[in-house]
Amino acid sequence: MIDPGKDAGENLRKLREQKPLIHNITNYVVMNFSANSLIAMGALPVMAHAENEVEEMASIAGALVINIGTLSDPWIRAMLLAGKTANKNNIPIILDPVGAGATSLRTNTAKRLAKELDIAVIRGNASEVLSLSGEESGTKGVDSIHSVEDAAQAAVELALELDSVIAITGENDLVTNGDTVFRVHNGHKLMGMVTGSGCAATAAIAAFLAVNDNFVEAAAFALGYFGLAGQWSAIRNTRPGSFKVGLIDSLYEIGPDDLQTGLKLEVMHET
Amino acid sequence: MIDPGKDAGENLRKLREQKPLIHNITNYVVMNFSANSLIAMGALPVMAHAENEVEEMASIAGALVINIGTLSDPWIRAMLLAGKTANKNNIPIILDPVGAGATSLRTNTAKRLAKELDIAVIRGNASEVLSLSGEESGTKGVDSIHSVEDAAQAAVELALELDSVIAITGENDLVTNGDTVFRVHNGHKLMGMVTGSGCAATAAIAAFLAVNDNFVEAAAFALGYFGLAGQWSAIRNTRPGSFKVGLIDSLYEIGPDDLQTGLKLEVMHET
Amino acid sequence: MIDPGKDAGENLRKLREQKPLIHNITNYVVMNFSANSLIAMGALPVMAHAENEVEEMASIAGALVINIGTLSDPWIRAMLLAGKTANKNNIPIILDPVGAGATSLRTNTAKRLAKELDIAVIRGNASEVLSLSGEESGTKGVDSIHSVEDAAQAAVELALELDSVIAITGENDLVTNGDTVFRVHNGHKLMGMVTGSGCAATAAIAAFLAVNDNFVEAAAFALGYFGLAGQWSAIRNTRPGSFKVGLIDSLYEIGPDDLQTGLKLEVMHET
Numbered sequence: 001m002i003d004p005g006k007d008a009g010e011n012l013r014k015l016r017e018q019k020p021l022i023h024n025i026t027n028y029v030v031m032n033f034s035a036n037s038l039i040a041m042g043a044l045p046v047m048a049h050a051e052n053e054v055e056e057m058a059s060i061a062g063a064l065v066i067n068i069g070t071l072s073d074p075w076i077r078a079m080l081l082a083g084k085t086a087n088k089n090n091i092p093i094i095l096d097p098v099g100a101g102a103t104s105l106r107t108n109t110a111k112r113l114a115k116e117l118d119i120a121v122i123r124g125n126a127s128e129v130l131s132l133s134g135e136e137s138g139t140k141g142v143d144s145i146h147s148v149e150d151a152a153q154a155a156v157e158l159a160l161e162l163d164s165v166i167a168i169t170g171e172n173d174l175v176t177n178g179d180t181v182f183r184v185h186n187g188h189k190l191m192g193m194v195t196g197s198g199c200a201a202t203a204a205i206a207a208f209l210a211v212n213d214n215f216v217e218a219a220a221f222a223l224g225y226f227g228l229a230g231q232w233s234a235i236r237n238t239r240p241g242s243f244k245v246g247l248i249d250s251l252y253e254i255g256p257d258d259l260q261t262g263l264k265l266e267v268m269h270e271t
Numbered sequence: 001m002i003d004p005g006k007d008a009g010e011n012l013r014k015l016r017e018q019k020p021l022i023h024n025i026t027n028y029v030v031m032n033f034s035a036n037s038l039i040a041m042g043a044l045p046v047m048a049h050a051e052n053e054v055e056e057m058a059s060i061a062g063a064l065v066i067n068i069g070t071l072s073d074p075w076i077r078a079m080l081l082a083g084k085t086a087n088k089n090n091i092p093i094i095l096d097p098v099g100a101g102a103t104s105l106r107t108n109t110a111k112r113l114a115k116e117l118d119i120a121v122i123r124g125n126a127s128e129v130l131s132l133s134g135e136e137s138g139t140k141g142v143d144s145i146h147s148v149e150d151a152a153q154a155a156v157e158l159a160l161e162l163d164s165v166i167a168i169t170g171e172n173d174l175v176t177n178g179d180t181v182f183r184v185h186n187g188h189k190l191m192g193m194v195t196g197s198g199c200a201a202t203a204a205i206a207a208f209l210a211v212n213d214n215f216v217e218a219a220a221f222a223l224g225y226f227g228l229a230g231q232w233s234a235i236r237n238t239r240p241g242s243f244k245v246g247l248i249d250s251l252y253e254i255g256p257d258d259l260q261t262g263l264k265l266e267v268m269h270e271t
Numbered sequence: 001m002i003d004p005g006k007d008a009g010e011n012l013r014k015l016r017e018q019k020p021l022i023h024n025i026t027n028y029v030v031m032n033f034s035a036n037s038l039i040a041m042g043a044l045p046v047m048a049h050a051e052n053e054v055e056e057m058a059s060i061a062g063a064l065v066i067n068i069g070t071l072s073d074p075w076i077r078a079m080l081l082a083g084k085t086a087n088k089n090n091i092p093i094i095l096d097p098v099g100a101g102a103t104s105l106r107t108n109t110a111k112r113l114a115k116e117l118d119i120a121v122i123r124g125n126a127s128e129v130l131s132l133s134g135e136e137s138g139t140k141g142v143d144s145i146h147s148v149e150d151a152a153q154a155a156v157e158l159a160l161e162l163d164s165v166i167a168i169t170g171e172n173d174l175v176t177n178g179d180t181v182f183r184v185h186n187g188h189k190l191m192g193m194v195t196g197s198g199c200a201a202t203a204a205i206a207a208f209l210a211v212n213d214n215f216v217e218a219a220a221f222a223l224g225y226f227g228l229a230g231q232w233s234a235i236r237n238t239r240p241g242s243f244k245v246g247l248i249d250s251l252y253e254i255g256p257d258d259l260q261t262g263l264k265l266e267v268m269h270e271t
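Chains as they are written, first to last, in my numbering: chain A, 1 to 271; chain B, 1 to 271; chain C, 1 to 271.
It is possible that some hints are incorrect.
For identical chains, the list gives no copy identity; a pair is met inside one copy or between any two copies.
[As the list claims (entries may be wrong)] No farther apart than 20 Å at their CA atoms in a straight line, the calculated lysine-lysine pairs in the PhoX-like style are these:
no., residue 1, residue 2
1, K6, K189
2, K189, K88
3, K14, K115
4, K115, K264
5, K115, K88
6, K6, K88
7, K19, K140
Think of the hints as simulated: they come from the structure by calculation, not from any bench.
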């Protein structure tokens, strides 16, 4: 990766050419926003959660999103079924452990999914990631009470333990496979004022995973792209309602060349 | 139908006077967008899906939407219960077979609903309509891989077989009862960039069915109206996030006279 | 309460400092809008509905929203479980009886929740409130067919009977604990064109309940604040799609001083 901006731009170009199908088993709150975000990026979203359907849907997808934001037992069963199908077919899975650390249902389910499935990327906020590391994270509902830095070391260890990429979003996103660590310096603070912006970032990673099998790069590029859309929207919008609309507009508007120029990625190597 | 624009305008006027209640059993992704679309049109939406409630709700509605976009077995049972109540009370049903052709759950459920219920209108994209005709449609999630033209003949045959109006939306919508064929030349390509725009078009048809018992006309008028709203929004908005907001604004803004003038309907007769 | 505007402003200031967690068991249609509204106000929303999670989530919340807009039996069980936990921990509950009066499932569930739980505030439209009083209200889906005035007397009696604050929203919101009656003269008619604006008003009350244990005041202040946001949005937006976006913007933009100045509250005392 000599020029990450160029590679990220190429990913976006490929995404818009291939229009991969992204199968989302995600929470009720963000379904609409995630779907519109994926379309604006160039992907084709589908939401399906029934146990008697998810295996078939997952098997035709380019990537699978598993998001535990509004959980119940039938959905957990569907997540496991879809995940196993995805694994069998080498379809990358991204897990979004929304609210892990807030209730034991969420913490235990996230841990179980991470253990029973082969997960390409886990994206969460700092408290959620800490809770997966076995720390008492005390996630405030679905909101982090920790900084990205608080969870940086845990992310590296968790990445090695699970053989997954860990992505922590927050003030400066961190993405690691346990070896390389990326810091993403794109983004805007209004993103924290839009419900599901983390979930849509997860969806963006899914779209990039569908076109780049270097998962740690794909995750970093996707978060850079998503953060850049936040920056673009913030130029025109200073309040969260219109900012959210502008975020979708910007995901659509940003082209491969814009991403190449705008990506702000810092690459570090562990040990 | 000497002046379809005038008749369509009259339908819209009647809709805004009568404010029919539209009972939606629809998917999680689009519930909010469908509800806001229906309100902007002049109708009163209600969403209700519990088996121990849908019969009562359907019986007081002006039309019933059955949309299979996020399906599960309890919802299928509710759809059948609500549908039978609607049939008993001569309340028109519109079926939206979202994703039929992508999984057997969706294809089989759509076929079962079309068989067991007396459906006024089925609205889908070309791949979904082909899948109902028994063709291997290979719907890509919920997105069509066929053109409207690919499914035109199947639509006519399906309309005759099911005694339902078939509406295929796409570049130029097609509406047929097996005898008359309408082509709707309203619409804008950004509509394809908004999740649930097809579902909201279905909701528009429901609203028109509630005030016009000539189902083939009602469906064509509704799609013309909905497409015109897309055109109006596209004048002010060139990106999907703001386009979606503008679509709701335009549904609200378009008056009967605007629809009379703006409707672009082509009428053809089969043999 | 010598200067209600000042007290309301102080509540908003406290809300933004404390950022209370609001646990919502609410309907699918409005989840996204309620969450974004709560964030814009300054609160932290979480949605959780599973029976094996709601007690844990409710116990860490500042207030609990129970909204019956898309009901089913498992959700009713979760509402009761969460509500009992909230009561045990002195966490205020607000009940939104969406569609009570339209079906017996909704009417009976709303009555059961009001009876079995200790509810701080019930917020509904006039028909919904009448249905809780045992009147044949004939709610048209989720829309009122009565004026606020029609239900004013029933609200006072219901407040005394249930020992709850009753808030009726409509042209001029009414809030009463059976003794004091507030009329709120903020608001704008476009609010009625946005699905879930009532539900978001309920969420606003929840946020104020989390920082003010004078429930009747908290409810009146919250409705004044929410109505003021509608007025602000209506200055810039004349159509429902953009009005909704502007409502979120305005909830965010309005500061404590703006609320102090803009609140239009009329205080009356019964007998």
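Hints, one by one, checked against the model:
Taking the shortest alpha-carbon separations for K6 and K189, neither the intra-copy value of 26 Å nor the inter-copy value of 30 Å comes in at or below 20 Å. Taking CA atoms no more than 20 Å apart as the test, K189 paired with K88 passes in neither setting, with 39 Å inside one copy and 37 Å between copies. Neither within a single protomer nor between protomers do K14 and K115 lie at most 20 Å apart by alpha-carbon distance, with minima of 31 Å and 42 Å respectively. Taking CA atoms no more than 20 Å apart as the test, K115 paired with K264 passes in neither setting, with 33 Å inside one copy and 56 Å between copies.
Taking the shortest Cα distances, K115 and K88 sit within 20 Å of each other inside one copy (16 Å), while across copies they are farther apart (36 Å). Neither within a single protomer nor between protomers do K6 and K88 lie at most 20 Å apart by alpha-carbon distance, with minima of 32 Å and 57 Å respectively. With identical chains, the CA atoms of K19 and K140 are at most 20 Å apart between copies only, with a shortest distance of 10 Å across copies and 36 Å within one.
Violated hints for the displayed structure, listed by number in ascending order: 1, 2, 3, 4 and 6.
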